[in-house]
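Based on the provided sequences and hints, a complete structural model is requested.
For the sequence shown, position 74 (counting from the first letter as 1) is numbered 74 according to full-length UniProt numbering, and the numbering increases by one without interruption.
A couple of the hints might just be wrong.
Unchecked claim - In silico DSS-like links for lysine-lysine, alpha-carbon gap of 25 angstroms or less:
#, residue 1, residue 2
1, 91, 73
2, 113, 73
3, 11, 91
4, 37, 56
5, 73, 56
6, 91, 14
7, 25, 14
8, 113, 19
9, 11, 56
10, 129, 102
11, 37, 19
12, 56, 25
13, 25, 113
14, 56, 102
15, 102, 11
16, 91, 102
17, 92, 73
18, 102, 37
19, 37, 11
20, 129, 91
21, 73, 37
22, 25, 129
23, 102, 113
24, 73, 14
25, 92, 14
26, 11, 92
27, 11, 25
28, 91, 56
29, 102, 73
30, 107, 14
Read the hints as simulated data drawn from the structure, not as lab findings.
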Amino acid sequence: MEHNVINSFEKTIKSGLYKEVRESKRIIIRESDYELKIRLYSEDGDGIAFRIEDFKAEANYLAGEHSLRGGGKDNDLTFLDNGTIYQFEVKKTKTPNSMLGKQQLTKGMSWVKHILNVALPNYNNYFNKIAYIQIS
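Structural data, given as structure tokens:
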């Protein structure tokens, strides 16, 4: 890749809100009713993983009963690597095509675009693929 995603995040995003994935990294998604461990592998050594909820909690500008972790829908994990935006959503459903999961992935992309506009203003030049991954 011609750009350096990790370097861009280090310059613009508060540390602790994302994880660098230079080769491989184990990420743990913790929710009130489950814990999921995922191992991510970077193809180009310039990967970034983050949870939108962490950004919402840190920003502290959302009100309501879910303000601690940020209200509104979003996906569980985002991974940026080698020109692709990977979005993960974990859902306990009977069918993998749950409409709720699709809504969270779609709304999560709005948050991802917001974050990328801050960290990588020309992100459209870098990321040409989006992969939606729903885990049921």
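Against the structure, the hints come out as follows:
1. 91 x 73: holds (13 angstroms)
2. 113 x 73: Holds, at roughly 14 angstroms.
3. 11 x 91: violated (34 angstroms)
4. 37 x 56: holds (22 angstroms)
5. 73 x 56: Roughly 11 angstroms between the alpha carbons, so the hint for residue 73 and residue 56 holds.
6. 91 x 14: Roughly 29 angstroms between the alpha carbons, so the hint for residue 91 and residue 14 is violated.
7. 25 x 14: holds (19 angstroms)
8. 113 x 19: holds (18 angstroms)
9. 11 x 56: Holds: residue 11 and residue 56 sit about 19 angstroms apart, inside 25 angstroms.
10. 129 x 102: holds (17 angstroms)
11. 37 x 19: holds (14 angstroms)
12. 56 x 25: holds (23 angstroms)
13. 25 x 113: holds (23 angstroms)
14. 56 x 102: holds (20 angstroms)
15. 102 x 11: violated (32 angstroms)
16. 91 x 102: OK: residue 91 and residue 102 at ~10 angstroms, within 25 angstroms.
17. 92 x 73: Answer holds: residue 92 to residue 73 is near 16 angstroms, not above 25 angstroms.
18. 102 x 37: Measuring from Cα to Cα gives roughly 21 angstroms; hence the hint holds.
19. 37 x 11: Not OK: residue 37 and residue 11 at ~28 angstroms, beyond 25 angstroms, violated.
20. 129 x 91: holds (23 angstroms)
21. 73 x 37: holds (21 angstroms)
22. 25 x 129: Within the cut-off at roughly 21 angstroms; holds.
23. 102 x 113: holds (17 angstroms)
24. 73 x 14: Answer holds: residue 73 to residue 14 is near 22 angstroms, not above 25 angstroms.
25. 92 x 14: Answer violated: residue 92 to residue 14 is near 32 angstroms, above 25 angstroms.
26. 11 x 92: violated (37 angstroms)
27. 11 x 25: holds (21 angstroms)
28. 91 x 56: With Cα atoms ~20 angstroms apart, residue 91 and residue 56 stay inside 25 angstroms; holds.
29. 102 x 73: holds (10 angstroms)
30. 107 x 14: The hint holds at about 23 angstroms.
In the structure shown, a violation is registered for the earlier hints numbered 3, 6, 15, 19, 25, 26, in ascending order.
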